[in-house]
Amino acid sequence: MILIVAEHANGKVSKSTWEMVTAARELAQQKGSDTPVTALVLGSNIAPIAAEIARAVDQVLVADLPALAQYDSELWSAAVAQIAREGEASVILIGASRSGREYSPRVAIKLDAPLLEDVISLKASGETLTAQHYTFLARVTETIETAGGATGPIAVVTIKPGVFNPAAPRAEAAEQFDVDLNLPAPRLKVTGKTAERSSRVSLAEAEIVISGGRGVGSAEGFTQYVEALADQLGAAVGATRAIVDAGWRPYSEQVGQTGKTVQPRLYIAIGISGAVQHLSGMNKSKIIVAINRDAEAPIFKIADYGIIGDVPQLIPAILTELKK
Amino acid sequence: MRILTYIRQVLDAEESVHVANGAVALENSKLVMDTMDEYGVEEALRLRESGVEAEIVAVAVGPARVQDALRTALAMGVDRAIHVETDTRLDAIALSKVLAQIAQQEQATLILSGGQQADWDSHALGAATAERLNWPLVTWTSALELKGATLTGKHDVEEGSETFTLELPAVITTQQGLNEPRYPTLPNIMKSKKKELRKESLDRFNVTPKIKFTNAEIQVKSRLNKILDGKDAPAAASQLVDLLRNEAKVIA
Numbered sequence: 498m499i500l501i502v503a504e505h506a507n508g509k510v511s512k513s514t515w516e517m518v519t520a521a522r523e524l525a526q527q528k529g530s531d532t533p534v535t536a537l538v539l540g541s542n543i544a545p546i547a548a549e550i551a552r553a554v555d556q557v558l559v560a561d562l563p564a565l566a567q568y569d570s571e572l573w574s575a576a577v578a579q580i581a582r583e584g585e586a587s588v589i590l591i592g593a594s595r596s597g598r599e600y601s602p603r604v605a606i607k608l609d610a611p612l613l614e615d616v617i618s619l620k621a622s623g624e625t626l627t628a629q630h631y632t633f634l635a636r637v638t639e640t641i642e643t644a645g646g647a648t649g650p651i652a653v654v655t656i657k658p659g660v661f662n663p664a665a666p667r668a669e670a671a672e673q674f675d676v677d678l679n680l681p682a683p684r685l686k687v688t689g690k691t692a693e694r695s696s697r698v699s700l701a702e703a704e705i706v707i708s709g710g711r712g713v714g715s716a717e718g719f720t721q722y723v724e725a726l727a728d729q730l731g732a733a734v735g736a737t738r739a740i741v742d743a744g745w746r747p748y749s750e751q752v753g754q755t756g757k758t759v760q761p762r763l764y765i766a767i768g769i770s771g772a773v774q775h776l777s778g779m780n781k782s783k784i785i786v787a788i789n790r791d792a793e794a795p796i797f798k799i800a801d802y803g804i805i806g807d808v809p810q811l812i813p814a815i816l817t818e819l820k821k
Numbered sequence: 003m004r005i006l007t008y009i010r011q012v013l014d015a016e017e018s019v020h021v022a023n024g025a026v027a028l029e030n031s032k033l034v035m036d037t038m039d040e041y042g043v044e045e046a047l048r049l050r051e052s053g054v055e056a057e058i059v060a061v062a063v064g065p066a067r068v069q070d071a072l073r074t075a076l077a078m079g080v081d082r083a084i085h086v087e088t089d090t091r092l093d094a095i096a097l098s099k100v101l102a103q104i105a106q107q108e109q110a111t112l113i114l115s116g117g118q119q120a121d122w123d124s125h126a127l128g129a130a131t132a133e134r135l136n137w138p139l140v141t142w143t144s145a146l147e148l149k150g151a152t153l154t155g156k157h158d159v160e161e162g163s164e165t166f167t168l169e170l171p172a173v174i175t176t177q178q179g180l181n182e183p184r185y186p187t188l189p190n191i192m193k194s195k196k197k198e199l200r201k202e203s204l205d206r207f208n209v210t211p212k213i214k215f216t217n218a219e220i221q222v223k224s225r226l227n228k229i230l231d232g233k234d235a236p237a238a239a240s241q242l243v244d245l246l247r248n249e250a251k252v253i254a
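Chains A and B, in that order, give the protein sequences. 498 is the number of the first residue of the first sequence in this note's numbering; add one for each residue after it. 3 is the number of the first residue of the second sequence in this note's numbering; add one for each residue after it.
Okay, chain B solo, but in the shape it has when bound (with noise of 0.2 Å):
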């Protein structure tokens, strides 16, 4: 079988957001591969070594930079990567155009992606992965395993948790929780530049997005900033408690 994971290269959760004319701006910031993505390459490493014959493929929508995320799928243990190298930024639902594809030109029948992006907190890429292939979806998953053609595992849901069964081919998407992400090792990196990275344009996927990105600000909400010294608990604890109830009044 072939496994597809979907990558996206984003503003480290550590960096400061800046703003410029209206759009954020990544210049000069620590760029890495989201995080939620990062689990399901993970995911699809672990699938392979629970004893799953299947090809790994990365593949990436975006500026030539996003080929660092790739390279850094690569040297995870990913097989090979594909590249749709555009400047132009889309949405989920254009982009998911792009990825089913892929999906149907690699003949995968599995694609895991991350479960919300860390720039444009997203959750719809992998519902509307699935929708374009009329494949089935399991969202926020924590566990997951393969047998034959079925997955089975267990995903969070709005209260609480549900276990699943499936048949393939499925998108599912990932999250903290499912496994914990290895780190390249040397070697391993030495051997993901001997690995093919195909680039492709993406004017052959004929995608017209429908959302325009008008602006962006970053809007703080003052606070008051008013930190009291516990050292003396039950003075800070009334002195607390005094301002919650008469300057605040949010407490009777």
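Isolated chain A, as found in the complex (with noise of 0.2 Å):
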């Protein structure tokens, strides 16, 4: 079987997890058609998302936990490769969020399979997998294939979100199991947390993203500007690293190589002149816009459209026009 586990975030199944299940079908298709495709799903009080995912694959496996009500890289890796052995699961898929990176890891060691890590595409032929996957913060791409000769699964997979169309929900639901697991006690206790969401579409899933860097002014700035232009496209706001220390911006905001990945259709960058590691995190959205006063930006050299400006003059000039 191809075991998926299934991202969820507040009681709904991630767009991840959808595009999960096109990379499963696309495989259990070159693998043979009687390949099942399983989802399991971890947490507590989840029935609803174990219900949703059921109309997208075969099987779906769940651990409805009070203990796994927080996710746990040592809880989380224990329960994936217990189910992985128990089903004898061939290719074990896992969101590239930063969590899925974080125990993947943990689950590839366990079982002693190769870790493919982040990919954009994936084709099995026979006991191999090969997929691509970006390298040197996201200017190469990289193919990669598994080396063979492991006795368990071909290998774990993260899947990087955003590349893979998520696919359509059946009218049929699969049949749900209950599984019992051996869970660890966890070591790392967390003691406080401080949850950033904003009111807005989340930036991971948003087909537009507004950001803006140190050329917006200031923490008003961005609220005047970008904010204002995010809500006017019903678009997700962004932030560059620079802003997000400088205190501008909180943190779950921020594009980059230390922030999210995002390649949403249309991406406008305000005031943001285009640093490496803030490229990796953007440089493969459809449309980039780039809106800066120093002609020589990076920015402006993957930009699709620019203008080259004074930002407070330019924004309220395109908030207009895009009321007219």
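Treat the hints as calculated values from the structure; they're not laboratory data. For each residue, glycine too, the CB sits at the ideal point set by N, CA and C.
Straight-line Cα separation of at most 25 Å, PhoX-like style, residue types lysine-lysine; simulated pairs: (1) K821/A x K228/B; (2) K156/B x K686/A; (3) K509/A x K690/A; (4) K251/B x K783/A.
Here are the computed distance ranges between Cβ atoms for each label pair: (5) K149/B x A792/A: 46 to 54 Å; (6) A668/A x T167/B: 42 to 50 Å; (7) R711/A x K32/B: 19 to 27 Å; (8) R711/A x N190/B: 27 to 35 Å; (9) R582/A x A254/B: 49 to 57 Å; (10) Q567/A x K233/B: 49 to 57 Å.
Each chain sits in its own coordinate frame; assemble them with the hints.
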């Protein structure tokens, strides 16, 4: 079987899970039609999630336990490795979210399997998996394959969000099974949380992202220009490392190497010069628009459209134009 | 106690990447210690300066040239260095086998390693090493304190951040924002030349990579590059909105 670990947030199946379903179905087809796709749902009070994902796969395994209310790399990796072993999974698909990329290496080592990280394409031929992923801060596309010779699963794979098309749900729901897990006691104790949820669309799932950098001038400037434009277009807002460090914006909005990777239909960079670390988080966006006063800013090199000029004059003019 | 900081030598972020014969070519490019790892070296030094009695050992795996990165770590203040020499590229899972064995051999109780590699963009090394040692792990750490055997700190998660507490031994992955790495001073550079840099052969670690790297290419998405002059703001704004609506068709 091909095992998908379903990602979910706030009582809903995440878009990344539907994308993994597409990757799994393609793999199942390449491997032969009798390869079932199984989803594993981990969490507490997750019945609605299990019901939702049942319409995408051939079988759903549910571990609805109070112990799984809070994500932990030791718990998650133990659960996934146990289910992969018991179900003799050939491929394990995990979302390349921050947590997925954290616990997947543990799963790979427990199963003595290769780890293919953050892949953008995946192909099975016989017992070999071939994948592509980005390297060098997303500037190079590399092809990798499993070296074979393993007796266990072919590979543990993390799937980059926003690349595969989300699968459409089917009319029929697959059967659900509760599973028993042998879980370790978590050693990392979380003593406090700062949730930085914005009221807007989530960055990772947004079709349009408006981001701001130092060129917006101040925290107030960010609200006045970036947030105003995002509200007008129904977009998510993003920020550069520099202004997150300056305390103008929360970390959850950071786009780039140490923040989130996005690839929306439209990315508008306002007052962003375009350091390579920032570009690595957004350079796969379909259409990139740059607005910056510095004609030499590297962001213009990867822009489809741009305006060289002052943010305080240009953004109000764009808002006026959009409202016409 | 003993702290291991794992360091890697990578292409300077300001340099452009070149590909030849299906692989990234690093010849003639400026190579530096991965900045993500530099935060780990700095944090180890700061833990010691905060009163923790510790020997700090820098470890690197790679060709002869990675010694330059180890020398930088020694000049920053690390006590000694271990270089496992190999020209074979190891993926993070394979690399973790080397690092875990060195941690055991050195009886280390804290390992610091960068959160993401600037060359292979991998996040896996810290977690894989923790798993091999059966140690807990904290990734994307932005603040760290050590009192006795108890680590406390803060780290970034999917949507926001968490504060945590944890007993040693542990693996911590580091990132920008944790600290401001120091520059080696001239006296420290001179002193570092006398510090131990021990070479080891990869053979004795019994590592078999499970991944083959078959191709690398630079796929540049062609961009339209229609850049407008914004001196007349209303005119430029009108033109841009028209392009986005009617040419790119990305807004209504």
